[in-house]
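Chemist: Chains W and F are the protein sequences, given in the same order.
According to the numbering used here, the first sequence is numbered sequentially starting from -15.
According to the numbering used here, the second sequence is numbered sequentially starting from 337.
Please note: incorrect hints may appear among the correct ones.
Simulated pairs of lysine-lysine, DSS-like, Cα-Cα distance not exceeding 25 Å [claimed, not checked]:
(1) F:429 / W:205
(2) W:372 / W:389
(3) W:194 / W:205
(4) W:233 / W:205
(5) W:389 / F:429
(6) W:372 / W:194
In case anyone wonders, no lab produced these hints; they're calculated from the structure.
All figures in this text were calculated on a predicted structure; none of them were measured in a lab.
What follows is the residue order along each chain.
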Amino acid sequence: MTTTPSRENYDFVVIGAGPAGLAAAATSAEAGLSTLLLDENIGPGGQVFRAIASTPVTAREQLGTDYWVGADLVQALRAGNTEVVQRATVWSLDRNLEIGVSIGGGSSFVKARRVILATGALERPFPIPGWTLPGVMTAGAAQTMLKSSALVPDGRTVIAGQGPLLWLLAAQILRLGGRIDRILDTTERGNYFAALPHAFAFLTSPYFAKGLALMREVRAKVQVVSGVAELAAVGDGQLASVSYVAGGKRETIPADLLLLHQGVVPNVNLAMAAGVEHRWNELQLCWSPVLDASGNSSIEGIAIAGDGAGIGGATAAVVRGRIAARAAVEALAPVAAAKLPPLATLRAELAKAERGRAFLDTLFRPSPQFRIPSGDTIVCRCEEVTAKDILDAVAIGATGPNQLKAYRRTGMGPCQGRLCGLTVTELMAQARAKSPQEIGYYRLRAPVKPITLAELAAVPKSEDDVKAVVRG
Amino acid sequence: MFKRSEQDKRPPVQIFVDGVAVAARQGDTVSAALLASGRDVRRSTAVSGAPRLPYCMMGVCFDCLVTIDGVGNRQGCLVPVAEGMQIEIQKGKREIGK
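The following block holds chain W by itself, in its conformation from the complex (with noise of 0.2 Å):
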């Protein structure tokens, strides 16, 4: 089923259903504006909450009692006025608010009095050797078909690399009955140390019981290698083996299967392409949006919310939600906004769900080498492109990313730069010594996903539209 948003104009376009998206939407139609949540997806959720509303994962319990708070989200989403379209790809956005939306292969626009953006994140490329093998995926690929179609590994399969979504995984896989044959952790052993001075925050946060006893109900049934220090995926065609050195020594185990996470970082493709300023995160090595304490962003009218905004988690992004939805509201509807829970106590919340953070980013910065990649490890994956080629470019005078494209179409591919693009920035930073923030990115561009020239042609066009192409 087709189906596409119900009118041209909203007072209040929300792009992305999962808990900063969902938070939004509700707030606004709750604010009695009319509101429309767009959603890549089949059904809301977004990562944390994938598949809420149809997993086939009965036994609660086994997806842990964090994940089905997304169920509570959707169904205050569905017990207001938002229209919600599922399936719906936002490819463009610009500074008048106006948004291009395909759905079901026709493109439309609408045009928002305000936009949030909640478009989260993706895991941070984790460019290895043999990082293309079939056979090689991120730790949650595998996650998203656990919760979305309730499939586990059944192969031999080893889980490398850090973070706490890692060990969430772990968990899971094992409750629901799947195989893990080794965890090798990566986490840098110095980081132990450079986490410390964060240390009571976190232990005072709800992050460490949980993450500790995630911690131990893996370690009771499968191996944990830590301070891995390099690792390749092996093979011909086929991922065969994973090769790693832990404490000087390499060791290989065969394996089907490899899953691969060192964090998270924002999803900035729409919010680049709209213009927003973005700026380098030294912590969390990555790009996240200027943004002032209710999200809003430095274009007139959008603000962004959630993990897209610069990771803060799935609590701390349902509150983000909420804070950039009511001062939305608080600029459309003063009267509607008073109703809404005050700032303060918002404020409070998002202290409270970002308590620990710092001590994760820190404990959970991957190494360089797992970054930073040399050789014939390929970089962009979708033109195929080496670290090699890419120092070669560097070396006849590519200058930064956008230079890089004319010299080897890196970014240039169906993914424009998400499997890339942090790592070419900081790979040319160094290769130049300079800053990630001096060697800047990819200038993207609408469309920020693939659409057909047919479907654009197809576009419905005002008078003006053809006016302004047409001669005579």
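Since the structure of chain W is already known, use the hints to place chain F on it.
Modeler: Coordinates of chain F only, in the frame set by chain W:
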């Protein structure tokens, strides 16, 4: 590589992969159904012809590109299966007319 949990009680959906009937479940994405099928469903890239399987399953990596009901370059991880759907494993770039 993957197996279905026994608690999954969703109704079956029959799809065709390169003409062969494959059992999927209602609510599966095309990519999930392909990975669950146990068949060799590796596509090959447009640039070098290297074999690939889905990497991210969330719509960002484009390694799940597949031909669905005659339309090439679809992101299999974003499309739900439907009864009788015809899937072709895409070898190389999208062909003209597909």
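Chemist: Hint by hint, which ones does the structure fall short of?
Modeler: 1 and 6
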